[in-house]
Each structure stands twice: as C-alpha cells, then as structure tokens.
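Going down the list, the sequences are from chains A and B. Numbering-wise (our numbering), the first sequence opens with residue 1 and increments by one. Numbering-wise (our numbering), the second sequence opens with residue 1 and increments by one.
Where hints are given, some of them may not hold.
With a Cα cut of at most 16 Å, we get these calculated EDC-like pairs of lysine to aspartate or glutamate [unchecked claim]: (1) A:K207 with B:E138; (2) A:K113 with A:D139; (3) A:K207 with B:D60; (4) A:K181 with A:D217.
If you are wondering where the hints come from, they were derived from the structure by calculation, not from laboratory data. Please read all numbers here as calculations on a predicted model, not as lab measurements.
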Amino acid sequence: MKYFAGPSTDPQPPSDMTDTTVFQARQILTMNPARPRATHVAVREGRILGVGTAADLAGWGPHRLDTRFADQVLMPGLVEGHSHLMAGTFWRYVYGGYFDATDPAGKVWPGLKTLDAVVAALGVAASASDGPVTGWGFDPIYFGERRCHRTDLDRVSQTRPVGVMHASGHILNVNSAALDKAGLLRSGIDHPGIPLGDDGLPTGELKGPEAMMAALDHVGLNRAFLSGDEQGITDFGRLCVRAGVTTATDLAATLGETELATLERVTGAPDYPVRIVSLLRMMGMKPADAVDRARTLAERSTELLRLGRVKIVADGSIQGFTARLRWPGYYNGRPNGLWYTAPEAIREAYTLGLKHGVQIHTHTNGDEATELVLDCMTEALAASPRADHRFTLQHCQLADDAQYRRMKSLGLCVNLFANHHHYWGDQHHAVTVGPDRAERMNACRSALDAGVPLAIHSDAPITPMAPLFTAWCAVHRLTASGRVLGEYQRISVDEALRAITLGAAYTLKLDAEIGSIECGKRADFCVLDDDPSTVPAATLKDLRIWGTVQGGRVFAA
Amino acid sequence: MTPCAAERVAEPLAALPTVVIGGYLGAGKTTLVNHLLRQAAGRRIAVLVNDFGDVNIDADLIEGAEAGVLSLAGGCLCCSFGDDLVGTLTALCRREPAPDQVLIELSGVALPAAVLRSVRLAPGIAVAGTLVLADAAELRRQAGDRYVGDTVRQQLRDADWVLVNKTDLVDAAALADLLPWLQALAPGAKLMACAATELPPELVLGWRATAGAKAEAVAAPPTLSDGDGDGGADGDGDEGLAGFRAREIGSFGRTSAHSVFASRSLALAPGTDLAALGAALAAPDSGVLRAKALLADPHRPNGAGWLLQVAGGRWQLTPALVQGPGRLVLIGLKGMKSPPALAGVEATTPPDA
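Please build the complete structure, drawing on both the sequences and the hints.
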C-alpha cells in the first residue's frame, strides 16, 4: 500500500495544499448518478481528486488519510441560491422570533412565545448597552389579534429609540422615542403604512419601506451597514457553515467601491468559509450601465467572490400586495401591485445581457411579472440569440404550468421560495390569492415536469438559511398551521437535495465547479451526522450538521 | 413622557415648496427638468432623482460633484434619493443655504400619489403640485398596454397638471382627439399641450416673492408686490381693485397661433371671498392652471390674513401674514375665464377664521 494511515482525529487541515488528503466517511452522497455513493474522497489543491473506495484512490500516490469524518456523512456543499449578507448583520441585534434560532457563534436563542417575552428580551439588551435598542425576526402573527403598540416598546425604554423588525422584513415596530426622533409622533399623518391609534398618533407599526425608512436610522438599522460590514460578512460565513453551505448568494448589492473592497478583504481571508456570489442590483441604473458594470466586476472575481451577474426586481411581494398579478388579481380584491422596473428597461437589460454574456436573475413574485419577463425574454432572444444563458427567475411564486413550459422553451431557470410556502402559505390561502392559486405557489413539481432547471431558497434573513429545511419545505409543503398546501407540487427527497446542490449551482453557472462530488470539482462538502438518504423524509429539517469542508479546508459548525 | 402632539402640529415650519414630476418612460421628464433649471432665474432648485443612474442633467449645467450631490449652475443642485426619499428631503431642508424649490423626478413606473404620501412624512415640505407628462404620440398605446396600462392611467389620475408633450409628433386632429379622451381619463387634472421646453416656468416653480420675503410660512410674511412671473415690472399696484390685465407670456406651441398660456396679475378687493375664488379657479372649466392669492383679513389686526393656493383642480387656504393690498397672480390657458367671472359675485365677508 502506498498510503499511510493518519491519526483518527486530525485537528489540522492539510498543511500543504499540494498534498493529498483522503477523507474517509461513513457515507458519501455524491449527487453524481454515475457513482452515487462512496466511502472515500481524495482532495488535492482544494479540488476533488477522486471519489470511491480507499482502493480506488490508492493510485494517486502518497496521501494523508483523514478519518475525522469516519462516522459522518458527506454530501456536496450546499448552495444557497437566494440569500442576503444582511442575514449575518442582523445577529448583533436582539433575536425576537417565535422559533428557536442559532446565532453565528452556535448559541441557540429560544423562540419568544409572547409579546411580553419579546419586550423582556429587549429590556435585557437595553440594560446592557446605551443607544438604540434593536430587535429582529419579530413575528406577532403568532400572538393572536393583538398588535404590538408603541407603548409596549415604551416599556423597554421611554427615552431611547426601540425598534423591532418583523421576520418578513416589511414591517418595523417602534416605541414613542423612535417615532419622536423620526418626526412621526404627531397627529395629522396620512399614510397607508402608518396606522394611527384612537389618539390620532401612530401606533408605532411602520409598514412598507417608505414608512419604515424614516425610523430605521434612529433604531440602529442603517441600510448601508445592513448591506454587509466586515463583521456582518464574517457572521454570514459562520451561518453558512452551520447550515452546511459552501456557496451562497448575495442577491443583490449595489457593489460600490467601498462595499466591494470590504467584500474582497473579508472573503480573501484564508479562513473565510464560503464562496459569495454577489449580484449587482440594477436599480435606478440604465440597463447599459448595469451590464457594463457587471462585465467590469466579473474581472474582479476570485475563488471565493464571484461577480459579474445582474439582478433586476420586476415587482413587489404578494403578502405586501405589491406583486403584479394577472387576472383575476388579489383574492381579497386589493388593487394590483407595482412595477419596480419598467418593462422597457427589463427588455433592454436582457438584450444587452445576452449580447455580452452577462447573466441576469430577475425577481418576479406575481404571475403577471413572470409573464412580462417571459415576453421580454422572447423579444431579447430574438434580438440577441444566445445558447445556455441560464437567466433565472427568482421567487417566481405564482407561475402556472403554461409559464413553466415557456420558461423551458426560453432556456430560463427558476429558483422557488419553498420556505415562504411554509411560513406564509396560510396567509396566501386565506387572503392574498385564495386556495387554488395558493396550491400552485412555488410549483417545484411543475418546474421539474416541464424540464425547467430548479433551485429552492430561503431568502435569508427573511427566513433562516438552512437548505435542508428548505428541502423539507419542498418535500412536504406543510404550512405553519400544518396544512399540506398543494400536495401535487411536492417533490421527492432526492429531487429536493439536488435542488439545494446541483440545481442551485446550475442557476449560477457554477455546476461545472460545485454541486456534486466529482473528480475535478471544488472540494466543498456538507458534513452531516445523519444520512439524508436514509432518515424519514419528515426529519429532513432536523438533520444534524457537523460543519463543512470548503476548498478542502475543514470548518466545524 | 411623550410631548403633546397638538403642540407639534402648531409648530410653524419653513415650508419648502415641492413639485412631483411624473410620467412614463420617454414622456419628457428630464427634458422638462433641464428646461426648468435653465429658467431658474435665481431660484435655487433642488432636483431629486431616483438614483444617479437616472441623472441626465445637461452637462453644461453641472458645476461639480461632492458627497453625492451635483452642484448645478445658479446655486441649484441634484441628488438621488434611492430608497430613502424622506431622509433625503429632510437633509435637503437642513442645507445652508436652503433651496427655494424642490423638484422630484420620478421613475417611469412610479405612482405620484404613492410617492406624495411619503413626501408628506418629511417635515418642512409643502407639496405644491404634481405634474405628469405624457407623450402625445405614445400615450394611448401606453395607456392600453397589457402590463403598464394601469400604471400609466394611474399616473395621469394622480396629476394636478398633465402636460401633453411632443405635440409636434401628432397632427392637430389627433391632438384634438386625444385631449378629451385624456380629460375623461383624468378628470381631476388640468391639461395642457405643448413642448416641455415651452412650459412657463412659473407653472412649476411658482412666483418669486420680493427679496427678503421668500418664505410663505406664517413666520415670514410673503408679498406678491412683484406679482409677475413673466418678466417685466408691471406695477399692478396701480391697477386698481377691478383692474387686471391679461398678458400673454410668450408664444407656446408650434406657432404663435398655438400659444396656449396666459398669465395675469391683479389686486384683490378687501373682503373677497377667497374660498369661493379658490373653488372657481380650481373648477374644471376655469382654464386656470396655477394661482396664488394673498389677502389681509380686515377683521383681524397686524396683517393677519390668508394665502390661497390653487394647483390644477385643488385649492388650499392657509393663514398668512399679509402686507399691502390683496393680490392674485395666476397662470392658465389662453382664453381662460376672467377672475371676476370665476369668483362670481364679489363677496364682502371674509373666509371663516
């Protein structure tokens, strides 16, 4: 035998990347159908040298055998196809969510089951520091009919601004001091996003970006800072490790020079654990400028920072009634939503993106927005034909089968918001789109049957980043109340696992590098204590994640 | 504990007049903004755009750039508001020197009324009106578009004034056909048809007060003794109570025969019923596009009186300190009704205090 056995637990990563390390595992799920299972994977220079049995790998020469995963299961590093760096930033504030959540350092914060518990948690934070008191992840939908009022948060402080961001990211609750600082503690305000109490003053609930904006700074939620400072990007990386994620998107960013320099510095550190794919947000930019900027950015890509893609937002959100729906519109009769980007601009961006090889991802929530994108794509492809463009629809929650068939013929991919279906499906069933259309939301089955490449996502921090939970959502389609919403659209565990690995990698044009454990690809693994291929499907979301291997570097959660 | 809300409301604010400029892509918003900047005539105009990517300020107007603000000729400036319109407006109010006028240029798919709700959250901003531009040649197609038709129609319905631009691209018959259709679509808006570059700047920028009496707030009594937006000293203080004159303020449209605007300035009799006047000026058939009147209340001391402002189909009376005789200035379509006819029988009772 040419190889020697190393110690059973080797705390050190390979000291020299030209060395070869063979990781031994209880099971390796490769996502490569030609060799779906293995016990050993050889790694050299951060890439996969070979997969198979110990004997299969022996011919590669001397190596270190790393047996620390001998009792673990390896699968390809998970790929989060739609998340935001803000998910890391939020954790320095008070977690106010209903469900247990784990912070970047691994501490579990118990879910807060009453408004009093949220107020108490904020109070603890208030006594520990000066300045604004800030919480996030708040979801009072679980507290019954009672709305959070500014006087509830006045119990935290009457003099310091207090604010709690809702889990949806669309509503901010603040106290009287924050309203005062924002100039909103007065009568006579007439704004649909600022409900008033019997006293004529705002209740402290600020709904929608315009209403929230006036108070965000005062409660410590500065937008520029949320987009990712050094600590936020670092914490984002830790969250990824805990979720088994080795590649994650920031969808999307303004990518100014300062922001970019921070990203380059943080992701360039030798121990940064995740590959960040950062898309340029086309907002208030001319399409030609966005495409040009993306081409320039592409040249600055590194192994762990991938640039050069564009994101366009076509419409708003369904639960915010700002998504564009086709006839018959919203179930409760609300008027149709808003266009966030003009159709002409979308069409021009597509035409230029296709011409110059710049990939574009487009946020569409409502089915009218999806229809518009399909029409724009049809025209753009006629003007700038290009094979294998992989333009991708993000969220795309309400598309119907006919639209999936058009996506297939146009070469589009889709990244569906499976988590949303779990958290807000009941609301869609009852209020926004009604029972039948709610059942077709996030139609994973339709996408696969039509042959549309599929990814599924968390939109972290809107919902927690945890691709295995996302897979569970797509497999079961259970809503928060326990309803199976759209049984037909459920997909199998294998299909869901593919969607969070190769599927997401495909939408990023990275499937040649990541997404499966195959010779030549990056040595990116998700390390599990449990085997997702053998546990009951119902427990998919509860699988224990040990950590990750990223480019051959080992990161314990 | 929290301060008394009523006190907050009573705080006088140095209100910064703001006009929202909307309209679908290609309607001519940027052309109009550049035109207004060229006609600023000493006014410090602050132009807010969605994002700097939208900035198309004519290069010769740009003098410099610093901290995200473009300095423009004549003390004007341009900055982007991105997704924080209220914060940008608030910062604008704190600038030294403060701008005289704000123009908010919306994106092509923005709904003006929705933006106005946010604008009104900013302390110290007084919304003067909403002007929506329309492309004479493209409007009907856009308004019927399957995707953006409802957006285009709502933009028009949100307008105080609709400027049908690019009239040279359609013939007279098409324009004559378009305007009634547009009026039916946007019954609350006052319509005008001309090239954006020929719009009288007073319609958007208002009338300049005399030096040192710029602000219209209670704290800084406004006067209108200059009374003109159309160049030329007019001495209308000599015109007497019933005297007013109609002066065309240039030639608008393709030829002088197509001139569409007129401006008037006149004295108001003490005791004129400003509420009735406002309603008459704002009426759909008045032909008046914008008007401003100041009148002392004879029953109250120290120049306490009223400011009447008319923008399209809206009018508003606010308390003001008034020096000198009552004045009315207005701009409208050529052939607009004369103000006495608009006001009906001159009232002798003051508006309710």
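Do the hints match the structure? See the list:
1. A:K207 with B:E138: violated, 36 Å
2. A:K113 with A:D139: With a Cα-Cα distance of about 10 Å, the restraint between K113 (chain A) and D139 (chain A) holds, given a limit of 16 Å.
3. A:K207 with B:D60: violated, 42 Å
4. A:K181 with A:D217: Distance of about 10 Å is within 16 Å: holds.
Going through the hint list in order, the structure does not satisfy hints 1 and 3.
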